[in-house]
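Now for the letters of each chain:
Number of protein chains: 2
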Amino acid sequence: MFNIIYAQSGGMTPVINNSAASLIRTAQKHSDRINKIYAAKNGIIGLIENRIVDITKLSEKELSLIENTSGGIFGTCRYKLKEDDYETYEKIYNTLKKYDIKCIFYNGGNDSADTSNKLCKIKEYFDYDLICIGIPKTIDNDLPFTDVCPGFPSSAKYIAISMLESSTDLKSMCLTSTKVTIIEIMGRHAGWLTAASSVWKKKESDSPHICLLPEIEFNENKFLELVKYFKEKYGYCTIAVSEGIKDGSGDFVANSKNVDSFGHKQLGGVGIQLSNLITTTLQYKCHCMVPDYLQRSCTHIATPIDIELAKAVGRNAVEYALDGKNNVMPMIVRKNSTPFEYEIVDVELSKIANVEKKLPDNYIKENGYEITKECRDYLKPYVFDANFSLYQDEDGKPIYFELD
Amino acid sequence: MFNIIYAQSGGMTPVINNSAASLIRTAQKHSDRINKIYAAKNGIIGLIENRIVDITKLSEKELSLIENTSGGIFGTCRYKLKEDDYETYEKIYNTLKKYDIKCIFYNGGNDSADTSNKLCKIKEYFDYDLICIGIPKTIDNDLPFTDVCPGFPSSAKYIAISMLESSTDLKSMCLTSTKVTIIEIMGRHAGWLTAASSVWKKKESDSPHICLLPEIEFNENKFLELVKYFKEKYGYCTIAVSEGIKDGSGDFVANSKNVDSFGHKQLGGVGIQLSNLITTTLQYKCHCMVPDYLQRSCTHIATPIDIELAKAVGRNAVEYALDGKNNVMPMIVRKNSTPFEYEIVDVELSKIANVEKKLPDNYIKENGYEITKECRDYLKPYVFDANFSLYQDEDGKPIYFELD
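So the sequences go chain by chain: X and C. Be aware that the first sequence starts at 1, since it is given in the UniProt record's numbering, and climbs by one per residue. Be aware that the second sequence starts at 1, since it is given in the UniProt record's numbering, and climbs by one per residue.
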């Protein structure tokens, strides 16, 4: 018999609480081996500051409500453990000892994998045996090895439908009003979520016309030429832009561009910068959408596969611990795309910590502003929801009436 | 037997195409009296430029697809007819005569009611008998007489769930990250949609903590004190702000504030201005969401009552024409809130044109930054969707698990 603890870390996802509920449910089923189930408030900080709650007795109704809940029910943190911060490790050790906790489940992204990985210091410093299992989640989808990170599919769906609906609106309006729309999308270093804007794009006229990925150097002149091309050809131009696109010097456009023609600092992210650039150079009326937190908290639009995968990694994490595995994270391997089939495998935390997986070259077209069929095929099963729209195609894209 | 024409005007709503489909369906049912059904492309511009499509034979499947479609299927316009622009009225007259059209249905907001109303000039100038029926739609919800404008309920739902989800995210994150979130909401002169952010707010700790309405003068010092109060009391502060809030001089804050401390012009709307104000004065990390078009194109989240009302006004418009009514618009009268009951009545276009209905005084609390129970009771039936969340309360608010 041993006690376990669960904690959430980093940015939220629409389905992280599904991993929590699934982990708790699985641990409860193994009450012959797992005694107490604890949660740390605000991730590793709860362990450092001894803010611990006993969640052993949560009822099935409560677990269902947890699955229905946006955000992270136990609170999260952005906190990087230092290699040699003995004092902090001692505080964590004291909490673990106090509650006789022998196993930590840490639910997070790259930084959180780093935290999980560093917790092995506890054994080194205090000779305290500790099982440490990571659980993946991040809307950035940038963890290595895994086919997908739970949380990404729902955020990808949010971006896909946002692009489709706002573009259809623009198309209706563009004759006498706005000519260009920009959606600024999260993912500072990897373009997965920005690419999701194009999951349903089959032809040039489909939106987004221009998809600006952080993997591709931003070229202002080429960009403005493209905006002009699409506006003149179709009457409007739709743009998806990653918050993290960089210019030729490797600087974030969001930073480098936030200086106006007089050298004065400007407010806002890359979306509003590009909007200003287009308005001042091409004189096109431009609207900029910044979903920000909305794209990562959109539990109401969570896709079935995302919920399933979030639960699967929570369940597998407990099973790994019971199987005697340590310092691993459950990851998703795609076995088939249509129908979507997967299996869960364990990968060592040390191989995951601080590694960011970017969009591979074959997912980005030569032109640099569109994604390839390979990328769309990768994305499709994750945004699919059979019950999303009354009329939708095989990719889950709502079918719209088109005149003529 | 007579021919009719339908046109869409002004900003889009999530359900305007439901009005279109319902109108066409109703007209088809009266094929004994209505001969041809036409649509003008891009509103009144289609009539001026003779860009007309025959939609008499649209199938039931096509009408269902139209209902499934975001944006405005026939395109829209922002175009104000001048009182004495004889040449333009003559162009419209020529198109009407060419297609033998005796009845115009104009689907729009305040400006569109103005356009519909001015079309009676056609009779005056050319002695051409014309029935002119307006059909209400606007996410701003600012048309007089009607209890609600079709389109508003779905956008209100979008704002309500966006506020709930982003606030829950912030609450999870605020210990070590962002302290303040701002959602910038459409509605330049009337605070209906901004108020919808608070439809589910029952107590002070519920979000939004601060709701900034265009009906209330913005006071910078009072605002900053409030932000500080909520951040210190709850660890975070959530803000809903109308794009149209004004300062003591009656200037839009979005304009007046877009000058930095050096007097240099800044980019962005009021959300980013307030974000900058908070960051520079209180040093709180702040995130700003700007849904922009997303809040008015969100067909995927359309509420059942909104779809029903959009269809009802489309249907009634045709029936008014058949009953010999002219220069009227179908409007919604609430008969009961729980269960929601309504009836449709006709109101003269001249009484609607260019009149904006603002939030009444009794919908805004004395403190100026919260809405009253009367306002929430008004809003509730419109955002309600019985099938929205697996667990939700009687107001349609998703039920979240809360750790004691």
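Hints are not guaranteed to be accurate.
Coverage of chain C stretches by chain X, computed from C-beta distances (three or more under 8 Å per stretch; other residues unrestricted) [said to hold, decoys possible]:
(1) 164 to 172
(2) 335 to 349
Keeping only pairs whose Cα atoms sit at most 30 Å apart, straight-line, the calculated DSS-like set for lysine-lysine is [stated by the list, open to error]:
(3) C:K91 to X:K233
(4) X:K285 to C:K233
(5) C:K380 to X:K61
(6) C:K228 to X:K80
(7) C:K61 to X:K203
Not close to chain X: a few residues of chain C, all C-beta gaps over 12 Å, as computed [stated by the list, open to error]:
(8) D32
(9) E67
(10) C77
(11) D377
To be clear, the hints were calculated from the coordinates, so they are not data collected in a lab. Even for Gly, the Cβ is constructed at its ideal location relative to N, Cα and C.
A quick look at each hint next to the structure:
1. 164 to 172: holds (count 8)
2. 335 to 349: violated (count 0)
3. C:K91 to X:K233: Roughly 28 Å between the alpha carbons, so the hint for K91 (chain C) and K233 (chain X) holds.
4. X:K285 to C:K233: The hint is violated at about 42 Å.
5. C:K380 to X:K61: 26 Å, holds
6. C:K228 to X:K80: 28 Å, holds
7. C:K61 to X:K203: 25 Å, holds
8. D32: 27 Å, holds
9. E67: Given a closest Cβ separation of 8 Å, the condition is violated.
10. C77: Given a closest Cβ separation of 5 Å, the condition is violated.
11. D377: The claim stands: D377 (chain C) keeps its Cβ more than 12 Å from every Cβ of chain X (closest is about 23 Å).
Checked against the numbered hints above, the structure violates hints 2, 4, 9, 10; every other hint is satisfied.
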